[in-house]
Amino acid sequence: MSDLSGLPFVGVLGAPLVAAAALAAIRGYRLSAAVNAVASFVTLLAAFAFLAMKPAPGPLLFIDDLNIVFIVVNAFVGFTTSVFSASYIGHEIETGRLTRNHVRFYHAMFQAMMFGMNLALVANNIGLMWVAVELATLTTVVMVGLYRTHQSLEAAWKYFILGSVGIALALFGTTLVYVAALPVLGEGLQTMAWTNLIVHVAQFEPAILNLAFVFLLLGYGTKVGLVPVHGWLPDAHAEGPTPISAVLSGLLLNVALYAVLRFKMLMAGNAGAVAPGPLMIGMGLASLSFGALMLYRRRDIKRLFAYSSIEHMGIITFAFGVGGPLANFAGLLHMAMHSLTKSAIFYAVGHVAQIKGTQRIADIRGLTHSHPLLGWGLVLGVLAIAGIPPMGIFMSEFLIVTSTMDRMPWLAAPLVGGLLLGFGALLKQLNSVAFGEPTPNQAPGDASYLPLYGHLALVLTAGIFLPASLVQWFQTIARLLG
Amino acid sequence: MTDSLTYDVAHLFAGGMVLVSFMLLYQDRMGALLNTFALHAAVLSLSVAWQAHGQNAPHLYVTAVIALGLKAILIPSALRRIVRRLDIHREIETTVGIGPTMLFGVGLVALSIVLMLKVTPGFDPLGRQDLAFALAVILLGMLMMVTRRNAVSQVVGFMSLENGLILAASGARGMPLVVEISIAFSVLIAFIVIGLFLFRIRERFDSVDLSALNVSRGDAP
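Going line by line, the protein sequences match chains A and B.
In this text, residue positions in the first sequence follow the numbering used here: the first is 1, and each later residue adds one.
In this text, residue positions in the second sequence follow the numbering used here: the first is 483, and each later residue adds one.
No wet-lab data here; the hints were simulated from the structure.
Do not take every clue at face value.
Across the chosen pairs, the derived CB separations fall in these ranges [what the hints assert, rightly or not]:
#1 508/B to 436/A: 57 to 65 Å
#2 486/B to 48/A: 53 to 61 Å
#3 577/B to 357/A: 36 to 44 Å
#4 390/A to 592/B: 31 to 39 Å
#5 34/A to 579/B: 36 to 44 Å
#6 56/A to 556/B: 20 to 28 Å
#7 508/B to 407/A: 49 to 57 Å
Residues on chain A that point at chain B, a partial pick, calculated with CB under 7 Å [as the list claims (entries may be wrong)]:
#8 164
#9 168
#10 171
#11 178
#12 187
#13 188
#14 189
#15 198
#16 199
#17 203
#18 207
#19 419
Listing some non-contacts, in silico: residues in chain B with all C-beta distances to chain A over 12 Å [claimed, not checked]:
#20 488
#21 489
#22 504
#23 606
#24 648
All values derive from a computational prediction rather than experimental measurement.
Every residue, glycine too, gets a C-beta built ideally from N, C-alpha and C.
Let the hints inform the model, and build the full structure from the sequences given.
Listed below in structure tokens is the structure:
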């Protein structure tokens with residue numbers, strides 16, 4: 001069986017790559033939407049296969065307990081987004097906002113982006129991971145600019161410039177890690193492998209690791225959307241096609257966070273290096289408070305949820321910064337829950353914006369009356385993201401607060417303050433959108449409810465009952481993260 | 483060939499890149515800016531080639547050739563064509579005056595040298611000074627990006643920043659080839675993307691001044 005164990009790698013990387021090439025050639029949008037979904041499904045199956053068989057680490061690719069979680073979440077949300085995208089794109093073609101050529105390009109780029117993200121997650125080489133993150137960034141840049149309107153070009157340009165500077169800083173940090181490892185591991189490819197770095201990190205020069213981590217945190221932190229380097233995020237979410245907003249929030253931010261976590265593990269392995277926790281706690285708290293405050297005055301519904309993503313990435317970074325088994329566990333759980341919930345919200349918002357013909361919150365009212373299924377789906381999603389009890393996010397937030405109380409009680413006050421701020425803002429905004437007198441529709445509602453309610457069901461299930469095996473698995477990873 | 487000569491020449495090229503980075507900061511014409519950038523890339527190419535020679539690492543010659551062909555010749559000439567087509571060769575609009583920018587740049591160079599020499603006490607002197615110069619080039623590139631309003635000169639700033647990254651990567655002994663080729667490759671992609679954007683921006687707004695883009699925030703009441 002040893003020769004078959006590499007098969008999942010072929011699946012998660014090969015399926016998107018082949019699909020991207022094929023989709024660039026297919027003209028019909030119905031066919032290409034179907035191919036897109038099928039390819040994403042194959043990727044998902046391959047990701048699940050990692051659970052059954054774990055290939056031995058190679059020089060370039062590897063899989064361990066940490067990245068497998070990210071891969072499964074990535075492939076799952078990628079698949080549901082491709083299903084949502086099929087109905088979304090159909091509507092855009094009918095209304096003439098996108099031409100067939102744009103859609104062909106969009107589908108090819110979607111799969112290229114999935115390839116980039118999966119490669120970043122399975123890479124066993126810090127250089128290869130960097131290349132993959134850059135690829136994923138570039139593909140999302142062109143998709144954000146897809147509508148070619150004034151605003152979408154501005155958003156794409158801003159995203160491109162800030163993302164490139166971030167990614168450049170990350171490369172300098174990567175070079176510094178290599179330089180630090182050079183005296184210990186010698187020249188060559190093996191010096192950039194995670195599996196080697198983590199074993200020998202204790203012998204590296206701490207001062208240079210510190211400098212490297214600052215660059216890496218700022219660089220990949222730009223991609224995570226951490227304050228103060230978050231500037232691209234709201235625009236990119238608001239102006240691109242909504243399926244891209246869903247994968248940006250649900251997946252790309254996670255991939256960047258994964259990179260930060262890996263380097264955090266390196267730092268933790270070296271006794272002389274500065275503790276990465278306080279830096280992450282600081283940036284996390286800043287993002288949480290800033291995101292929560294910004295929620296109040298939003299007038300564009302997609303920007304609203306973009307700021308909510310900044311808030312939640314802040315919470316997750318905070319949790320990993322606090323560290324310890326419980327906070328790491330909560331951070332991982334929150335990461336998965338946020339991905340599922342936020343993409344579900346964007347699925348609902350995408351259809352709402354199409355039906356109402358606008359993204360302005362003031363022009364969207366009474367959704368639960370006019371479109372009960374969609375409206376209540378959005379209500380459930382927003383309640384979940386705000387952290388209302390039976391949902392999974394409540395559980396992860398509760399765990400984060402308790403572990404903070406436990407380890408650094410003085411930080412619990414700003415954390416809870418930020419959470420409550422965000423909670424109030426979301427309920428205030430939700431009230432006007434979901435209830436009241438309905439505003440007129442611009443287009444008939446032709447929504448796909450399966451991805452939306454599928455995600456919400458998973459989030460609800462996780463909040464009520466987490467299978468023991470899953471808990472155990474997450475606990476193992478939490479210990480790994482230190 | 484003595485070690486001290488190897489060292490001195492490498493030092494010369496790396497220092498030359500910092501110098502050309504400064505020259506980029508005070509150019510006030512688009513054509514001159516692009517010429518200076520071509521010079522920047524040419525010095526990078528020399529520096530990388532010298533590293534290839536000094537480290538006995540032939541694969542670095544590939545990086546040097548890519549730097550020369552792509553960044554010193556191909557990209558500047560393509561940008562020149564864009565500039566001519568858009569008729570913007572006279573205007574370089576800065577947000578901060580040239581004088582303060584240069585002073586700030588001097589501060590950044592001092593900062594990066596002090597910082598890098600401080601954190602790498604036990605490393606070989608060539609590698610650490612290369613890193614210090616590379617960090618200076620990176621920071622100067624960022625400075626250029628924030629002080630320019632025009633899309634083309636921001637792009638030039640970004641590419642000079644990437645040159646600094648390659649200087650750092652080539653100075654790190656034996657850093658795998660995979661990385662360098664992919665860096666060059668990503669620059670190419672980046673360029674295509676940027677080119678695309680420039681044309682679209684021109685198409686829509688008749689200006690490549692980015693402040694013209696700064697109109698809608700989606701949050702207007």
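Going down the list of hints, with the structure as the test:
1. 508/B to 436/A: 57 to 65 Å: Once the Cβ atoms are compared, 59 Å apart, the range 57 to 65 Å for residue 436/A and residue 508/B holds.
2. 486/B to 48/A: 53 to 61 Å: With Cβ atoms ~60 Å apart, the hint holds.
3. 577/B to 357/A: 36 to 44 Å: holds (38 Å)
4. 390/A to 592/B: 31 to 39 Å: Given about 58 Å between the Cβ atoms, the range is violated.
5. 34/A to 579/B: 36 to 44 Å: Taking Cβ atoms as reference, residue 34/A and residue 579/B lie about 58 Å apart, which means the hint is violated.
6. 56/A to 556/B: 20 to 28 Å: violated (42 Å)
7. 508/B to 407/A: 49 to 57 Å: holds (52 Å)
8. 164: holds (6 Å)
9. 168: For residue 168/A, the interface hint holds, since the closest Cβ of chain B sits about 6 Å away, which is under 7 Å.
10. 171: holds (5 Å)
11. 178: OK, holds: residue 178/A within 7 Å of chain B, min 5 Å.
12. 187: holds (3 Å)
13. 188: With Cβ-Cβ at 6 Å, under 7 Å, it holds.
14. 189: It holds, given that the least Cβ distance between residue 189/A and chain B is near 5 Å, below 7 Å.
15. 198: violated (18 Å)
16. 199: Violated: closest Cβ of chain B sits about 19 Å from residue 199/A, beyond 7 Å.
17. 203: violated (12 Å)
18. 207: holds (4 Å)
19. 419: With a minimum Cβ separation of about 24 Å from chain B (threshold 7 Å), the hint on residue 419/A is violated.
20. 488: holds (17 Å)
21. 489: The claim stands: residue 489/B keeps its Cβ more than 12 Å from every Cβ of chain A (closest is about 18 Å).
22. 504: holds (19 Å)
23. 606: Since the minimum Cβ distance to chain A is about 9 Å, residue 606/B lies within 12 Å and the statement is violated.
24. 648: Non-interface label on residue 648/B violated, nearest chain A Cβ at 9 Å vs cutoff 12 Å.
In the structure shown, a violation is registered for the earlier hints numbered 4, 5, 6, 15, 16, 17, 19, 23 and 24, in ascending order.
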